[in-house]
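Colleague: Given only the sequences and the hints, what does the whole structure look like? Please build it.
Protein sequence lines correspond, in order, to chains W and X.
For reference, each letter of the first sequence is one residue, going 1 to 235 in my numbering.
For reference, each letter of the second sequence is one residue, going 1 to 187 in my numbering.
Possibly wrong hints are sitting among the right ones.
[As the list claims (entries may be wrong)] Cβ-to-Cβ under 8 Å is the rule here; a few derived chain W residues that face chain X: (1) 58; (2) 60; (3) 63; (4) 90; (5) 93; (6) 104; (7) 144; (8) 169; (9) 173; (10) 174.
Simulated from the structure, these hints should not be mistaken for laboratory data.
Since this is a predicted model, take the numbers as computed values, not measurements.
The beta carbon of each residue, even a glycine, is placed where N, CA and C say it ideally should be.
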Amino acid sequence: MIARPAFSLVAVLLALALCVPGRARAEAPQATVPVAATAPPIDAAKPADAAKPADKSMDFDLFADGTKKPASPGLDLRLTSPNQNPELIARISRRRRLILQLHQGFGFATLIVLAATVVVGQLNYVDKYSGDFTNRYATPHEALATVATVLFAADAGLALFAPTAYKKPIRADAALVHKIMMGVAAAGFITEVILGPLTAAKGGDLNQRSLALGHVVTGYVTFASMLGGYLAYVF
Amino acid sequence: MRTTMAFICTMLFAARGHADGQVNLSVKTDESRVTYHIVHKFHKVDGVSKKVEGRVRILPTGVAQVAIRVPVESFDSENVNRDEHMKETVEAAKFPIVEVKATGDGMTMPTTFPSTMTKNMTAQVTFHGISHTIEIPVTVVFLAANKVVATTSFPISLDAYKVARPSLLFVKIDDAMKLDASLTLVQ
Numbered sequence: 001m002i003a004r005p006a007f008s009l010v011a012v013l014l015a016l017a018l019c020v021p022g023r024a025r026a027e028a029p030q031a032t033v034p035v036a037a038t039a040p041p042i043d044a045a046k047p048a049d050a051a052k053p054a055d056k057s058m059d060f061d062l063f064a065d066g067t068k069k070p071a072s073p074g075l076d077l078r079l080t081s082p083n084q085n086p087e088l089i090a091r092i093s094r095r096r097r098l099i100l101q102l103h104q105g106f107g108f109a110t111l112i113v114l115a116a117t118v119v120v121g122q123l124n125y126v127d128k129y130s131g132d133f134t135n136r137y138a139t140p141h142e143a144l145a146t147v148a149t150v151l152f153a154a155d156a157g158l159a160l161f162a163p164t165a166y167k168k169p170i171r172a173d174a175a176l177v178h179k180i181m182m183g184v185a186a187a188g189f190i191t192e193v194i195l196g197p198l199t200a201a202k203g204g205d206l207n208q209r210s211l212a213l214g215h216v217v218t219g220y221v222t223f224a225s226m227l228g229g230y231l232a233y234v235f
Numbered sequence: 001m002r003t004t005m006a007f008i009c010t011m012l013f014a015a016r017g018h019a020d021g022q023v024n025l026s027v028k029t030d031e032s033r034v035t036y037h038i039v040h041k042f043h044k045v046d047g048v049s050k051k052v053e054g055r056v057r058i059l060p061t062g063v064a065q066v067a068i069r070v071p072v073e074s075f076d077s078e079n080v081n082r083d084e085h086m087k088e089t090v091e092a093a094k095f096p097i098v099e100v101k102a103t104g105d106g107m108t109m110p111t112t113f114p115s116t117m118t119k120n121m122t123a124q125v126t127f128h129g130i131s132h133t134i135e136i137p138v139t140v141v142f143l144a145a146n147k148v149v150a151t152t153s154f155p156i157s158l159d160a161y162k163v164a165r166p167s168l169l170f171v172k173i174d175d176a177m178k179l180d181a182s183l184t185l186v187q
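Modeller: Structural data, given as structure tokens:
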């Protein structure tokens with residue numbers, strides 16, 4: 001007596017379940033399929049080749065939001081500023097790239113001239129305090145030091161004043177190492193610009209050799225910093 | 001009797017889901033990543049994005065439809081200057097998304113877990129505003145009925161996508177850029 005209505009209910013549910021078109025589910029891509037219903041979810045009996053050509057086309061939108069904006073929170077696609085349009089950013093990028101190409105060229109030239117300055121400076125020191133005191137290296141050293149300083153200043157200017165198209169957060173990376181090393185090199189250049197002429201002007205003084213030694217050491221530190229900054233960036 | 005009815009109803013709906021349903025999976029962002037690999041004469045660079053968004057739909061016909069997208073800005077090569085340079089060259093402001101749409105057939109759910117399946121899929125890679133269709137190998141590891149890990153690795157040509165290859169010390173990077181993806185998909 002009790003079982004009859006129950007079986008009737010089951011029969012009705014069975015009929016309803018089988019009558020609901022499967023397409024209604026297929027049209028709702030975001031619907032969550034219960035885990036229990038998904039093992040296995042594919043009709044393995046159907047060969048893959050039987051798939052409709054439309055199924056295998058790329059004409060589908062699984063995100064179904066019609067936009068290119070990721071739906072996940074926290075995926076901020078904004079670039080430098082929402083007010084800047086892509087064309088403006090492209091123009092800034094092109095200008096930046098040109099400036100940074102020059103920066104690389106100037107940097108490489110500075111490194112070579114600075115190496116020559118250090119070598120000739122060392123020869124000058126040896127000549128002056130341990131050698132024949134011919135003074136033949138003094139002028140080449142001054143000339144090289146002047147060129148190196150001008151190149152470095154120009155190179156630093158290019159780096160500092162290059163426009164930035166995209167945000168660059170400060171973080172511990174090779175770029176930061178490069179900047180720190182170049183900062184040390186800049187301090188070295190400033191020291192040398194003061195210490196060089198000061199040492200030269202102290203001719204005959206007892207402390208000239210000490211100043212000259214300090215000048216030589218600062219030169220080496222400056223060169224090492226610049227080389228380190230260069231290597232950190234390249235490798 | 002009520003228990004029996006509930007069981008029958010559950011089985012009934014489960015069976016219907018198996019017969020004509022489709023499977024929808026979503027990328028679990030915190031467990032997924034896409035990596036690019038580029039080669040320069042002096043060094044190799046890897047850029048990783050952990051902001052992957054993606055969906056997969058497995059149709060009753062066995063066809064899998066995949067859509068993955070990654071914001072160009074999200075790639076991190078552990079050098080802010082290099083990342084900034086990358087954004088310039090791929091025009092991130094104009095083309096902020098790298099998108100991959102792929103389809104493949106013969107996708108069947110295993111009966112035991114974990115289980116591994118390797119398939120070739122046809123993928124449309126949209127990058128720098130240009131789309132190219134290529135074949136990519138995909139390895140799918142079914143960890144459970146509701147958790148899948150898919151991995152793929154394939155090269156693309158930067159020139160084919162009209163990307164002005166960046167240079168360091170006036171030496172350009174290689175044309176081939178390898179893309180790796182490791183995606184954890186859940187229901």
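Colleague: Each hint: holds or not?
Modeller: Here's how the hints hold up against the structure:
1. 58: 5 Å, holds
2. 60: For residue 60 (chain W), the interface hint holds, since the closest Cβ of chain X sits about 5 Å away, which is under 8 Å.
3. 63: Cβ of residue 63 (chain W) sits 6 Å from chain X, so the hint holds.
4. 90: 6 Å, holds
5. 93: For residue 93 (chain W), the interface hint holds, since the closest Cβ of chain X sits about 4 Å away, which is under 8 Å.
6. 104: 6 Å, holds
7. 144: At about 23 Å, which exceeds the 8 Å cut-off, the nearest Cβ of chain X leaves the hint on residue 144 (chain W) violated.
8. 169: 6 Å, holds
9. 173: 5 Å, holds
10. 174: 5 Å, holds
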